[in-house]
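Enquirer: Working from the sequences, and respecting the hints, build out all of it.
Number of protein chains: 2
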Amino acid sequence: MITLLVEAAVFVLPEVKVEGDSYRHLFRARRVEVGETLRVVDGRGRARWGKVARVDRTSASVTLGEPAPSHEPAFRLDLLVPTCRLERASWLVEKATELGISGVHFLNTVRAPRELGEGSLSRLHRVAIAALEQCHGSRLPEITGPHSWRALANLTATAGPRRWFLDTEAAGAGWGEVQGEGGALLVGPEGGWDPGERNDLLAASWRPVHLGERVLRLETAALAGATLLLLPGPAGG
Amino acid sequence: MITLLVEAAVFVLPEVKVEGDSYRHLFRARRVEVGETLRVVDGRGRARWGKVARVDRTSASVTLGEPAPSHEPAFRLDLLVPTCRLERASWLVEKATELGISGVHFLNTVRAPRELGEGSLSRLHRVAIAALEQCHGSRLPEITGPHSWRALANLTATAGPRRWFLDTEAAGAGWGEVQGEGGALLVGPEGGWDPGERNDLLAASWRPVHLGERVLRLETAALAGATLLLLPGPAGG
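Residue numbers (our numbering), protein chains in the order written: chain P, 3 to 239; chain X, 3 to 239.
Treat the hints with care, as some may be off.
It does not matter which identical chain is used: a pair holds within one copy or between any two.
What the hints assert, rightly or not - Within a straight-line C-alpha distance of at most 25 Å, the following computed SDA-like cross-link-like pairs (lysine to any residue) qualify:
| # | residue 1 | residue 2 |
| --- | --- | --- |
| 1 | LYS53 | VAL217 |
| 2 | LYS53 | GLY193 |
| 3 | LYS19 | PHE29 |
| 4 | LYS53 | GLU215 |
| 5 | LYS19 | ARG46 |
| 6 | LYS19 | HIS138 |
| 7 | LYS53 | PRO71 |
FYI, nobody ran anything at the bench for these hints, they're computed from the structure.
Expert: Structural data, given as structure tokens:
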């Protein structure tokens, strides 16, 4: 199966035209032919079956039909992580997209004050597109930042009551039940939270959780947390 | 806190000598001084507190004392994964070490027949050492391969009855309960299992599990599976 991401504006039309990189990738490199079925997604959680109607020299046409499975988790989870080197941010965005995260937001903390670097967000956006097509999802995660610490309340205003932060000083796992439409998971810098930041979080009713005694790198902690919140685990594990 | 890995043979002595790369890293770059406390581990799951007794021009001496926390999961999990490009194998080994895996074994399957490349295992071994010291674990994962498909039974002979394989054709999650001393998790190639391989696994009582409708890259699937088996998840999540 092949999943193709198109603009939301053309997703509602009876036929879409495929050009540029997508054309070259699908119709030159992968040699998709007239009559083949594709899964076409709009990046916002919708998917339709498509059929290749015509392949020309620089573009192809795909007729859009019935809705296809969205392959999106029922629970919408936003990740908030400290700014980090682009290589690690890129790996994190790829894996988080595969797992079905709704957004990855980079945040400055006292112990992780760095910038993301020019062009980083657009590079991370391309990483997310490739990962979404590869894993057959349909909703592209929002990738934003770097945000200041003070922007945290606004960023998570719609996350509802399910707001967790990873904290090695928390007493136990303490996830509680995962219910409702969605939530937010905030990962701290590897040097740990600044005491003022921890106080802010507790005062704003963020729930501290703890993934064990080891010090995980921030991208490892973020993916482990997302896995536990989004994928089916063992009974009593 | 600093964790230092030493040879198991010297771990039992009252004092260890630190030389070479470890010496340069700790006593030159990080400027650790006489009197500071280190956590010294043997790579086999044991840890002791150590105190820096002397720092010379090319070596240092650390006096070993009481046992320290091992930070090892109670459940011993071995990962078996198809051979893959070194960059991805390297990420996988780093993250799996942080999560507390007991071994990473690379396997040839019908749809992933490649070699690992000369020098790969020793590079992966160095990645695991760095990750172990960084996350403050104490047991270095075994890294082996590439193994033939026929070696699978021998490789997992000691894993006991807990043997899972990831399979997109499985009906549901189906982890069952995670009990006993340990187990093995086998990840398939991204192209899926060859029907003969699936039959071999079912005939040998491997349990098929399924992580959702998306197609995860093999290293993502391996880390997600290890997370679900080793870390505390939400109640009823």
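Enquirer: A separate judgement is required for each hint: does it hold in the structure or not?
Expert: Hint by hint, here is what the structure shows:
{"no.": "1", "hint": "LYS53 / VAL217", "verdict": "between (49 Å within a copy, 22 Å between copies)"}
{"no.": "2", "hint": "LYS53 / GLY193", "verdict": "between (51 Å within a copy, 23 Å between copies)"}
{"no.": "3", "hint": "LYS19 / PHE29", "verdict": "within (12 Å within a copy, 62 Å between copies)"}
{"no.": "4", "hint": "LYS53 / GLU215", "verdict": "between (52 Å within a copy, 22 Å between copies)"}
{"no.": "5", "hint": "LYS19 / ARG46", "verdict": "within (19 Å within a copy, 58 Å between copies)"}
{"no.": "6", "hint": "LYS19 / HIS138", "verdict": "within (20 Å within a copy, 53 Å between copies)"}
{"no.": "7", "hint": "LYS53 / PRO71", "verdict": "within (16 Å within a copy, 59 Å between copies)"}
Going through the hint list in order, the structure satisfies each hint without exception.
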